[in-house]
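Undergrad: Between the sequences and the hints, there should be enough to build the whole structure, so can you do that?
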Amino acid sequence: MEPHVWKRDRKLHLSYEIPHRTTGAQLYPVAAPNGSDVIVYGHDRGVRILWRGGRRRRQTQAAQAAGKAQTNGTRSRKDAVALTADDDDDGQVMFEDEEDEQDPDYPYPRINQEVDIELEAEVLRLALPILPLLALRQQGLLREQAYLAIACSDGSVQVLKLDLIPPLDEGRVDYAETVRSTALTLVADAAVCTDLAAKLSIRKQDTLSSDDPTSIFVVAVSDELRVYSLPLSETSPETIRKPQTVLVPLPHPVVAVSLHPSPTSGLILIADVSGAVRVYEHISERGDLADVTEDLHLTAQTSGGWRTAFMGPYAEAQTGVARRKHILDVQWVLDGKAVLALLEDGRWGLWDFALGTQSHRSPGDFVSHGSLAPTTNLEAGLPIRQSKSTSRLAPMTPSTRKAKAEKLFIGPSKTTGAPGRGGISVSASSNRTGNIDESVVIWYDSEVYTIPNMQGFWQRSSDSGSGGSGSLYAPGLTHIGDVRLRNENITSISQFAPSVTGAGGQMNTPRDLLVAAEHRLIISQSLRSPTPVRSLFAQAAPKRPPVEDQIMLDAGQLDLGGMDRLLDSMAHADPRPRKVGFTH
1 MEPHVWKRDR
11 KLHLSYEIPH
21 RTTGAQLYPV
31 AAPNGSDVIV
41 YGHDRGVRIL
51 WRGGRRRRQT
61 QAAQAAGKAQ
71 TNGTRSRKDA
81 VALTADDDDD
91 GQVMFEDEED
101 EQDPDYPYPR
111 INQEVDIELE
121 AEVLRLALPI
131 LPLLALRQQG
141 LLREQAYLAI
151 ACSDGSVQVL
161 KLDLIPPLDE
171 GRVDYAETVR
181 STALTLVADA
191 AVCTDLAAKL
201 SIRKQDTLSS
211 DDPTSIFVVA
221 VSDELRVYSL
231 PLSETSPETI
241 RKPQTVLVPL
251 PHPVVAVSLH
261 PSPTSGLILI
271 ADVSGAVRVY
281 EHISERGDLA
291 DVTEDLHLTA
301 QTSGGWRTAF
311 MGPYAEAQTG
321 VARRKHILDV
331 QWVLDGKAVL
341 ALLEDGRWGL
351 WDFALGTQSH
361 RSPGDFVSHG
371 SLAPTTNLEA
381 GLPIRQSKST
391 SRLAPMTPST
401 RKAKAEKLFI
411 GPSKTTGAPG
421 RGGISVSASS
431 NRTGNIDESV
441 VIWYDSEVYT
451 IPNMQGFWQR
461 SSDSGSGGSG
471 SLYAPGLTHI
481 GDVRLRNENI
491 TSISQFAPSV
501 TGAGGQMNTP
511 RDLLVAAEHR
521 LIISQSLRSP
531 TPVRSLFAQA
541 APKRPPVEDQ
551 IMLDAGQLDL
561 GGMDRLLDSM
571 AHADPRPRKV
581 GFTH
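End of the sequence shown = 584 in the working numbering, gap-free, step of one.
Worth flagging that the hints you see were computed from the coordinates, not collected in a lab.
Quantities reported herein were computed from a predicted structural model and do not represent experimental measurements.
Derived CB-CB ranges, DEER-like: (1) Val273 with Thr308: 18 to 24 Å; (2) Val192 with Asp116: 20 to 26 Å; (3) Arg8 with Ala322: 41 to 47 Å.
Note that CB positions come from ideal geometry on N, CA and C, so glycine has one too.
TA: Here's what the structure looks like:
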């Protein structure tokens with residue numbers, strides 16, 4: 001896969017055209033054993049896995065012999081199976097010593113391998129499990145095996161086991177066949193899933209330093225809530241036992257679901273078509289999920305209950321019937337202490353779940369809010385268009401600063417029109433001090449905005465004392481420009497890990513993004529500064545003059561190499577101070 005590449009504003013943009021209609025793409029939070037970023041996206045015929053960057057897999061002698069046989073036209077299916085078996089018997093997969101060399105003008109990792117997994121139905125939703133931050137530091141914790149939850153158009157929900165080690169070109173067919181044969185079907189014929197979420201869950205009495213997490217927690221929603229707990233074997237994390245199933249009826253169809261980031265919490269965030277966001281707490285009745293030997297169908301009364309609900313704001317009534325604004329997406333933020341929602345008109349807002357600032361407000365009031373939609377009149381039902389921006393060199397006056405603050409924090413005037421499309425991506429990481437930093441990306445229609453540090457954003461917004469709507473100097477949303485969608489809709493956005501970005505150690509720098517459109521994948525990558533940050537303030541070491549070269553030159557014995565060194569030293573030497581004399 002070769003991308004279309006362009007540069008702008010210290011950003012490198014890559015656009016990969018793909019032969020499928022994508023329904024969403026996600027990044028696995030842990031790098032593959034060879035250092036590759038693993039990208040998984042769903043399409044109308046199944047799932048495709050991409051390995052980006054990292055060291056290529058080294059060809060074995062059997063693979064080279066098979067390649068020669070294929071060139072001569074004598075390779076068979078039996079040879080391919082024998083090749084895979086021989087490679088597995090070695091016990092250790094060999095990779096190249098170094099990664100592929102990158103173009104210094106356009107430095108980006110290449111797609112080293114790709115595998116198509118054809119299924120019998122279209123994949124509508126996919127979810128890679130959220131890994132706890134402490135678990136990411138544990139060596140061997142799902143570093144070679146990954147689990148992918150998918151929801152298909154035939155109403156089925158499955159869990160696929162993926163090998164993170166990229167296969168050889170000759171083993172891609174066997175790789176896909178292994179994934180299909182080991183797939184676990186959670187439900188075969190049910191209502192089409194509207195959203196899907198997954199994470200690794202552990203028992204509260206366990207610690208991440210002792211054993212692997214207890215189970216994989218999968219939540220599928222449609223007209224009912226389905227909770228699946230898939231116990232992992234204590235000795236073999238790649239083995240899943242029979243799942244525990246919980247069915248909970250819902251009052252309204254669900255549009256979005258989000259799982260609490262804590263690995264020991266059973267809180268589930270559910271947004272429905274009524275404009276409400278409800279919090280359900282799943283409580284397992286069995287102390288050890290690994291002892292489950294048969295499917296359990298528990299009722300809501302024995303498996304948990306509803307904790308609270310947040311009601312969205314009302315839309316402007318046009319027919320005399322009051323209704324609440326539809327919610328496009330909802331996510332836990334601030335380490336599960338707040339709820340971030342995106343509404344149909346481009347407004348976003350924060351609800352307080354455990355911060356202690358919601359007590360004096362009604363459940364429908366945001367503690368902080370803003371807007372992504374431009375101030376365009378939509379009463380005629382026209383699509384939302386981005387207003388024309390002024391020149392980047394325009395001076396910042398008090399008037400323009402006030403207009404910008406109103407656009408970001410107060411939002412447009414209340415108008416009606418066709419609802420937009422949008423979503424929220426939240427990625428947590430641990431900084432050097434051990435605290436948790438969250439990077440938030442919000443997209444609405446074709447516009448993408450980011451909050452590089454959600455904790456700092458909340459702290460400064462709450463300290464401004466402006467009622468949550470921000471101030472002139474409060475941190476705003478950073479607009480990610482030049483995302484060339486070519487008139488396609490965004491289906492999902494994922495964030496790369498901080499270690500693979502080009503921030504160069506700078507604080508509050510937006511992450512690299514993976515934007516999935518309908519027929520393309522777009523990567524927005526920051527370019528690393530050619531001069532290290534520390535060297536900007538370091539004093540240059542004094543250069544020793546080429547005394548020996550000067551002596552050789554005076555003696556007439558200086559060679560060409562010495563002449564080059566001498567000329568270079570003269571070109572980089574400090575100019576002598578100009579002396580001004582006076583004649584008498």
